[in-house]
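Chains as they are written, first to last, in the working numbering: chain A, 1 to 488; chain B, 1 to 488.
Derived from the structure by calculation, the hints contain no laboratory data. Please note that a few of the clues may not be correct.
It does not matter which identical chain is used: a pair holds within one copy or between any two.
[Said to hold, decoys possible] Under the rule of at most 27 Å between Cα atoms (straight-line distance), these lysine-lysine pairs were calculated in the DSSO-like manner:
(1) Lys450 x Lys345
(2) Lys51 x Lys317
(3) Lys454 x Lys260
(4) Lys54 x Lys380
(5) Lys57 x Lys454
(6) Lys57 x Lys336
(7) Lys323 x Lys51
Protein chains: 2
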Amino acid sequence: MAKEITARAENYAQWYLDLVQKADLADHSAVRGCMVIKPRGYAIWEKIQAKLDKRFKDTGHVNAYFPLFIPKSFLSKEAEHVEGFAKECAVVTHHRLKKDPGGKGLIVDPEALLEEELVVRPTSETIIWNTYRDWIQSYRDLPLLINQWANVVRWEMRTRPFLRTTEFLWQEGHTAHATAEEAIEETARIHEIYARFVEDELAMPVIKGRKTASERFAGAVETYTIEALMQDNKALQAGTSHFLGQNFAKAFNVTFLTEKNQNEFVWATSWGVSTRMVGGMIMTHSDDDGLVLPPRMAPLQVVIIPIPKPAPALDEKTEQILKALKDKGITASYDKDERNRPGFKFAQNEMYGVPVRIGMGMRDLENNQVEVVRRDTREKVMVPIDGVAGYIEELLVRIQHDLFEKALKFRSDNSHYIDSYEEFKERIEEPGGFFYCHWDGTPESEARLKEETKATIRCIPVDQPEEKGRCLLTGRPSSGRVIMARAY
Amino acid sequence: MAKEITARAENYAQWYLDLVQKADLADHSAVRGCMVIKPRGYAIWEKIQAKLDKRFKDTGHVNAYFPLFIPKSFLSKEAEHVEGFAKECAVVTHHRLKKDPGGKGLIVDPEALLEEELVVRPTSETIIWNTYRDWIQSYRDLPLLINQWANVVRWEMRTRPFLRTTEFLWQEGHTAHATAEEAIEETARIHEIYARFVEDELAMPVIKGRKTASERFAGAVETYTIEALMQDNKALQAGTSHFLGQNFAKAFNVTFLTEKNQNEFVWATSWGVSTRMVGGMIMTHSDDDGLVLPPRMAPLQVVIIPIPKPAPALDEKTEQILKALKDKGITASYDKDERNRPGFKFAQNEMYGVPVRIGMGMRDLENNQVEVVRRDTREKVMVPIDGVAGYIEELLVRIQHDLFEKALKFRSDNSHYIDSYEEFKERIEEPGGFFYCHWDGTPESEARLKEETKATIRCIPVDQPEEKGRCLLTGRPSSGRVIMARAY
Numbered sequence: 001m002a003k004e005i006t007a008r009a010e011n012y013a014q015w016y017l018d019l020v021q022k023a024d025l026a027d028h029s030a031v032r033g034c035m036v037i038k039p040r041g042y043a044i045w046e047k048i049q050a051k052l053d054k055r056f057k058d059t060g061h062v063n064a065y066f067p068l069f070i071p072k073s074f075l076s077k078e079a080e081h082v083e084g085f086a087k088e089c090a091v092v093t094h095h096r097l098k099k100d101p102g103g104k105g106l107i108v109d110p111e112a113l114l115e116e117e118l119v120v121r122p123t124s125e126t127i128i129w130n131t132y133r134d135w136i137q138s139y140r141d142l143p144l145l146i147n148q149w150a151n152v153v154r155w156e157m158r159t160r161p162f163l164r165t166t167e168f169l170w171q172e173g174h175t176a177h178a179t180a181e182e183a184i185e186e187t188a189r190i191h192e193i194y195a196r197f198v199e200d201e202l203a204m205p206v207i208k209g210r211k212t213a214s215e216r217f218a219g220a221v222e223t224y225t226i227e228a229l230m231q232d233n234k235a236l237q238a239g240t241s242h243f244l245g246q247n248f249a250k251a252f253n254v255t256f257l258t259e260k261n262q263n264e265f266v267w268a269t270s271w272g273v274s275t276r277m278v279g280g281m282i283m284t285h286s287d288d289d290g291l292v293l294p295p296r297m298a299p300l301q302v303v304i305i306p307i308p309k310p311a312p313a314l315d316e317k318t319e320q321i322l323k324a325l326k327d328k329g330i331t332a333s334y335d336k337d338e339r340n341r342p343g344f345k346f347a348q349n350e351m352y353g354v355p356v357r358i359g360m361g362m363r364d365l366e367n368n369q370v371e372v373v374r375r376d377t378r379e380k381v382m383v384p385i386d387g388v389a390g391y392i393e394e395l396l397v398r399i400q401h402d403l404f405e406k407a408l409k410f411r412s413d414n415s416h417y418i419d420s421y422e423e424f425k426e427r428i429e430e431p432g433g434f435f436y437c438h439w440d441g442t443p444e445s446e447a448r449l450k451e452e453t454k455a456t457i458r459c460i461p462v463d464q465p466e467e468k469g470r471c472l473l474t475g476r477p478s479s480g481r482v483i484m485a486r487a488y
Numbered sequence: 001m002a003k004e005i006t007a008r009a010e011n012y013a014q015w016y017l018d019l020v021q022k023a024d025l026a027d028h029s030a031v032r033g034c035m036v037i038k039p040r041g042y043a044i045w046e047k048i049q050a051k052l053d054k055r056f057k058d059t060g061h062v063n064a065y066f067p068l069f070i071p072k073s074f075l076s077k078e079a080e081h082v083e084g085f086a087k088e089c090a091v092v093t094h095h096r097l098k099k100d101p102g103g104k105g106l107i108v109d110p111e112a113l114l115e116e117e118l119v120v121r122p123t124s125e126t127i128i129w130n131t132y133r134d135w136i137q138s139y140r141d142l143p144l145l146i147n148q149w150a151n152v153v154r155w156e157m158r159t160r161p162f163l164r165t166t167e168f169l170w171q172e173g174h175t176a177h178a179t180a181e182e183a184i185e186e187t188a189r190i191h192e193i194y195a196r197f198v199e200d201e202l203a204m205p206v207i208k209g210r211k212t213a214s215e216r217f218a219g220a221v222e223t224y225t226i227e228a229l230m231q232d233n234k235a236l237q238a239g240t241s242h243f244l245g246q247n248f249a250k251a252f253n254v255t256f257l258t259e260k261n262q263n264e265f266v267w268a269t270s271w272g273v274s275t276r277m278v279g280g281m282i283m284t285h286s287d288d289d290g291l292v293l294p295p296r297m298a299p300l301q302v303v304i305i306p307i308p309k310p311a312p313a314l315d316e317k318t319e320q321i322l323k324a325l326k327d328k329g330i331t332a333s334y335d336k337d338e339r340n341r342p343g344f345k346f347a348q349n350e351m352y353g354v355p356v357r358i359g360m361g362m363r364d365l366e367n368n369q370v371e372v373v374r375r376d377t378r379e380k381v382m383v384p385i386d387g388v389a390g391y392i393e394e395l396l397v398r399i400q401h402d403l404f405e406k407a408l409k410f411r412s413d414n415s416h417y418i419d420s421y422e423e424f425k426e427r428i429e430e431p432g433g434f435f436y437c438h439w440d441g442t443p444e445s446e447a448r449l450k451e452e453t454k455a456t457i458r459c460i461p462v463d464q465p466e467e468k469g470r471c472l473l474t475g476r477p478s479s480g481r482v483i484m485a486r487a488y
């Protein structure tokens, strides 16, 4: 089974594609750039949704739903937004098909031309702020803390399952505040929620930082990001939280009456994470035998495999173990399909990323023990049956912890402090990684960096100490290091 | 506050619109026919999603996600499907906007014309069966029991929030089976899940039945429906489950190898319920003072209002009550906003449909009691504080039960057995309701009925006893009664 996918060392990009397919996570579709999220992939997204949604609600946010379509004219109301999002998008021009009078297929009915074209939302700031104008009159209507779970479309030229697809699923928060301070606080709160969620649940270490002006969200005053490092030493932006200032309030004329009875523009934030997170998690932990999932994100945490096949005594004992696991809130299943042999099942569950496998044969039963195997390390331990649920409960916590530590060590091993541009240019090729370098703060140097090395400034880390230095490219003064890397 | 909405007796349609707006459930949007689902409305949909999703998963279904877009040619592959769904839909023809060289707005870039137009899914049978072709090879791949939570678009001419909107949210199940029997069993299983869910959770009594051939889903062999009666005596179709035969398998060439090594077409079902359910629930229970929600569907079940305003002793006692309620799994909140008076809060929470209100003043505290008021009947009871959580737990069960019984009685009072077409034509105007009538089974009589009375055959009830009779319209023989009504 392991031979079914390309080795990471051989071709990391192909390994990823093979893995997504063989682990039954996603499939191609008949529509260019759109994927089908298969049940095993969608189950991971459902866990992300449920856990993130709880964190949003625990901090006072509520969900709502805004239209899929945005009138074309809305996109040009915010000067910078139009640059970022009015380019590659799906444009609805007609509202009817009719039978082709000259053939047996369908044609667009030319009489059903829309007065104004509609764009399938690439992001919803415009339609939402157009709505907020009616919802916000006074300071008593603020803050508005709204989130939406939705699909969005950006017409991407090069796509990759989960990481970049034309249609993708995400959540987008859109909040409205009476003061800049409150909005900035909200931006930071979400930034922290994202970081904690990704580290605690997905076991993906992230760097919290600010984007440079040229990497900001189109229409934002400040964009905060969480950046992770993948196993091929490329960076992945895993979530962003934007302070939008009064840009969208001004574009859509959303004002409120303050306590002092003055009319002011409303302050805004927006923030989102997407199905891209699933891709990041896959790339962070998985190996040449398939998917590796942190236990907290695994739809199935434990599989029990009878050796060599089901038998009444094994089935009965398994029922007891399943019940004990369920009582501890652990999801487990018994693979009693008789059409496949244990070796096949071992490989298949490794491919699927089930964190723990229990193997049990008749002799094990006589010895009152089972074999417990970790997916991540392959470590095998014989465990007394009576204590197996408790053992696995602890083991799942340990695996979650170890996966995070392993990824953290990988990032640490591949984070470099570099002051020579020559050295940088060499090491960005091989081995790659996160490069902490000085930058003079100009968009010109940033553009040159990208042009000459294909690396970008991933972020200005928020907890980076001040350190005087000289720009990697120009030698001009710099007050601190930024992170440069090639990125997904 | 009650005066804010039109009375039902005066104008039921306007009452509904007023209610949706004043209860903060939904709002208009800038896009024709699309609504914004506001947080209070979306919270109801979230409860529907969570509870239905659990019922689907408990019966072996899994979720997945298929693309929003469907290639135009897919729609014409199933002969009947194209008639039903290739008409009014949103058609994507281009993938780029550009700056208007002659103005300051945006225009569609004529160079970004798609080779084949894409339709925003009105329903997903076609794209899903095109995908299933790759997923199904042998009987070992069956059954496939997949559900999708998604948005769909049907370009409706006349829209009404929740009941009929251009874009709406729904779930669509699409299952694949090795035999017709299994597929029919699945259709029936879902039909029953829908009926149980709507009756047990939404407290809406429904009639289970089959649709006539002309009311079937386009492409279905048999369509099962659940039909509810609204307070204005019009019917509402609340959910449908379709047996699709091999129609889509044939259209998309989906075959499988049987255990006997023969190639056969796969059997299919599809089934869905939508945000329309929210509208049906609103219309079933609400009154002239606003929303009435069955407790199981109420995002907030209990509100506690201090009289006349918060005070330390009240706040402290309220905390205890809130905790006791929470321990019983009851959602409750304390309305301690000092800007509004109790009377305003009473009316507001009635408008919002909070099932139970607790009022508590200092004198109540001295007497160690609180006032408990049911939203549905306005019945007021003084309850000892010590037992209030237990009292409310039982009260919520009682309200849920009473709402169902009340709706059931309404339906029963407005169900008529009619054998004279003259009488039917009179009574369908006033008072309306469900009419159990004989029908000769021909599409001609059915079409005439619709033409002459605006009523349709809602369903052929599954538990209707055989009864020989004569068709209401033609006098020709009939073997049982069907339900005729005007419908949403």
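Each hint, compared with the structure:
no.: 1; hint: Lys450 x Lys345; verdict: neither (46 Å within a copy, 59 Å between copies)
no.: 2; hint: Lys51 x Lys317; verdict: neither (33 Å within a copy, 32 Å between copies)
no.: 3; hint: Lys454 x Lys260; verdict: neither (52 Å within a copy, 57 Å between copies)
no.: 4; hint: Lys54 x Lys380; verdict: neither (36 Å within a copy, 35 Å between copies)
no.: 5; hint: Lys57 x Lys454; verdict: neither (39 Å within a copy, 46 Å between copies)
no.: 6; hint: Lys57 x Lys336; verdict: between (40 Å within a copy, 20 Å between copies)
no.: 7; hint: Lys323 x Lys51; verdict: both (24 Å within a copy, 24 Å between copies)
The structure does not agree with the numbered hints 1, 2, 3, 4 and 5 stated previously, though it agrees with the rest.
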